[in-house]
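Okay, here's what each chain looks like letter by letter:
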Amino acid sequence: MIAPEQYPVLIVTVPLLSAFLINLIGMVDKRLCYPASLLALGASLAAALAVAARVAATGTIHYHVGNWPPPFGIEYVIDHLNALVLVVVAGVALVAAIASKRSVEQDFPDKRAQFYTLFVLLTTGLLGMTITGDAFNLYVLMEISALTNYSLIAMGGNRALVGGFNYIIIGTIGACFYLLGVGHLYIMTGSLNMADLLQLLPALFHTKAVLVGAILMLLGAWIKMAFFPLHGWLPNAYTYAPSATSTLVAPLMTKVSVYIMIRVLFSVFGAYYVFTVLPVKGLVVWLAVAAIVGGSIFALAQQDFKRMLTYLIVAEVGYMVGGVWLANQWGITGAILHIVNDAVMTLCLFLFCGIVVHKTRGHRLENLRGLFRRMPVTMAAFAVGALSMIGVPPTAGFFSKWYLILGGIDAHQWGFVAALLFSSLVNAVLFFRVFEIAYFEPAEEVHGHGAAVAIDEAPLSMLLPLVAVAIGLIVLGLYSTSLVSTFIQYAVPAGI
Amino acid sequence: MAMAEIFAKYNYWIYITLMMIGLYAMIAKGNLAKKIIGMSIFQTAIIVFYVSIGAKKGGATIPIIAHGHEGAEHVVRAIDYVNPLPHVLMLTAIVVGVATLGVALAIAMSIYERYGSMEEEEILERIRE
Chain A
1 MIAPEQYPVL IVTVPLLSAF LINLIGMVDK RLCYPASLLA LGASLAAALA
51 VAARVAATGT IHYHVGNWPP PFGIEYVIDH LNALVLVVVA GVALVAAIAS
101 KRSVEQDFPD KRAQFYTLFV LLTTGLLGMT ITGDAFNLYV LMEISALTNY
151 SLIAMGGNRA LVGGFNYIII GTIGACFYLL GVGHLYIMTG SLNMADLLQL
201 LPALFHTKAV LVGAILMLLG AWIKMAFFPL HGWLPNAYTY APSATSTLVA
251 PLMTKVSVYI MIRVLFSVFG AYYVFTVLPV KGLVVWLAVA AIVGGSIFAL
301 AQQDFKRMLT YLIVAEVGYM VGGVWLANQW GITGAILHIV NDAVMTLCLF
351 LFCGIVVHKT RGHRLENLRG LFRRMPVTMA AFAVGALSMI GVPPTAGFFS
401 KWYLILGGID AHQWGFVAAL LFSSLVNAVL FFRVFEIAYF EPAEEVHGHG
451 AAVAIDEAPL SMLLPLVAVA IGLIVLGLYS TSLVSTFIQY AVPAGI
Chain B
1 MAMAEIFAKY NYWIYITLMM IGLYAMIAKG NLAKKIIGMS IFQTAIIVFY
51 VSIGAKKGGA TIPIIAHGHE GAEHVVRAID YVNPLPHVLM LTAIVVGVAT
101 LGVALAIAMS IYERYGSMEE EEILERIRE
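Respectively, the protein sequence lines represent chains A and B. All residue numbers for the first sequence refer to my numbering, where the first residue is 1 and numbers rise by one. All residue numbers for the second sequence refer to my numbering, where the first residue is 1 and numbers rise by one.
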């Protein structure tokens, strides 16, 4: 047996090595790629759960990769914040992988091996970004997840190619900004280890180089998370991506980037520098307000269901960034809780979207006509996700929104509070419009694409994950208090 | 004085100039190949930045842990030599850059096969049709 001390490294290395193995397995038998990737992601999730349990019991874990002590070697640091994010990433990836079976068979039957290789590699990148305690290592893993993401999106062909290309250009700018910021910090401190930087930087807070480094790293993270007005790449890339891809990346990419922002802010610069020395606190909250309002309005304007969801992601990013920069206990708690909740909600909505695409071969709003009668279970599960997006208790979405609103009131950021309420209203309008179309409008014949497809309940491999996630949303809502008391309260930096 | 300061930090001016050229090409050029070239210049600018900060003029030694020779048992004296760490970091960044270039070129090729053009405007026109 492998000693529990080694679990942190397993979270990353198991999917990393499996990814290449899956490619080899695919040469022998393509059908084996799917179970192999489930196995790899499942093992990673098990390791992440074990590590999270240990963190909850004994506190932060430091793991020295290859037994090289920091600051020379790369260190994995798992504290209460990323223990939680690791479980979310591994869990969402596993569920997305389970549900991907039919879509992958439908969309690219010959490229299954390549798809699952990239899929698992993307997950590896996200897990690595989350677990690492080294600023440069983070950059490398950021690029691993980004590169695999570009390819997975471009596998959609046609317009996904163009969306993917724009994403490469913008994503590279984002990652390079981050790298440049790390370079500035390295010049000033001679270290790349985050804990080291946190020690060394306070003496240098007055220097312009640290200021420029902070701005560059922040800009990099904002571009990567599609923070308004840097969100231009996201809607096209995610709308035209194959459904198996968007089920994985839509819930995770932006959320992990938000995590990176929180990590850089509090574990590299420290809360004092971010909220007291940097003169941007109010400005960022207003940007977040713009993101929430802008994302919601754009979502209202869409006739395409999947595209509408992508704009909601932009609005949700505003929630989390705004919550962090409220600079109080409630706001940061809400932001971190929302990383978890929003990942699961978005997963729920995109799983549903995947089913719609699988059954109706389209993702416009008119594709939803009459679906309530034809797939009642699927629609019921989707309804839970939608209610969570709106923020109806007892679904998870309500609780994080509640914390965020409390934070806004506490910080006297009335614009932010108003934006949250406005966005809930817009979400209600949006999803009730969807319900109306799906419930009252008569189903049409599926036109185009040759023979009519029988539209009925989704296949089990897609339906079960969706139902499980919908139940998960309610469970997360009911247990959100214990989530906060076990993990999140320790993740909020002290002294604010 | 001001001129002397500018010249003393010429490596920064070079990287900033390169970076702006790359950024301009990525954003303003309509041709996908030119965008990719811009992206490459942009990444190279950062490599120049990192490599130049490790440089040391005059009196630099090779970084070998000096012990044994005169009975001295001291570890490396960072001040004496060219800092190799940024160079090593950039090996990774070069690999990342090559991979990005490869993916970008592959997607650009597929776009060309699908839409018969590398010009952004023509591609968008064909999408609208």
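These are computed hints drawn from the structure, not numbers from a lab. Note that the structure is predicted; figures quoted are calculated from it, not measured. Do not rely on the hints blindly, as some may be mistaken.
[To be verified] Derived DSS-like pairs (lysine-lysine); straight-line CA-CA distance at most 25 Å:
1) A/LYS101 - A/LYS111
2) A/LYS208 - B/LYS29
3) A/LYS208 - B/LYS56
4) B/LYS57 - B/LYS9
5) A/LYS101 - A/LYS30
6) A/LYS281 - A/LYS208
[What the hints assert, rightly or not] Here chain A is said to cover these stretches of chain B; the calculated rule only asks that three of the stretch's residues, wherever they fall, bring their Cβ under 8 Å from a Cβ of chain A:
7) 30-41
8) 46-53
9) 86-99
All C-beta atoms, glycine included, are put in the ideal place defined by N, C-alpha and C.
Hints, verified against the model:
1. A/LYS101 - A/LYS111: holds, 12 Å
2. A/LYS208 - B/LYS29: violated, 32 Å
3. A/LYS208 - B/LYS56: The given pair, whose Cα atoms are some 23 Å apart, holds under the 25 Å limit.
4. B/LYS57 - B/LYS9: Distance of about 13 Å is within 25 Å: holds.
5. A/LYS101 - A/LYS30: holds, 12 Å
6. A/LYS281 - A/LYS208: Given that 25 Å is the threshold and the Cα spacing comes to 18 Å, the pair holds.
7. 30-41: holds (count 3)
8. 46-53: holds (count 4)
9. 86-99: Held - the region 86-99 of chain B has 6 residues with a Cβ nearer than 8 Å to chain A, which meets the minimum of three.
Checked against the numbered hints listed earlier, the structure breaks hint 2 alone; every other hint is satisfied.
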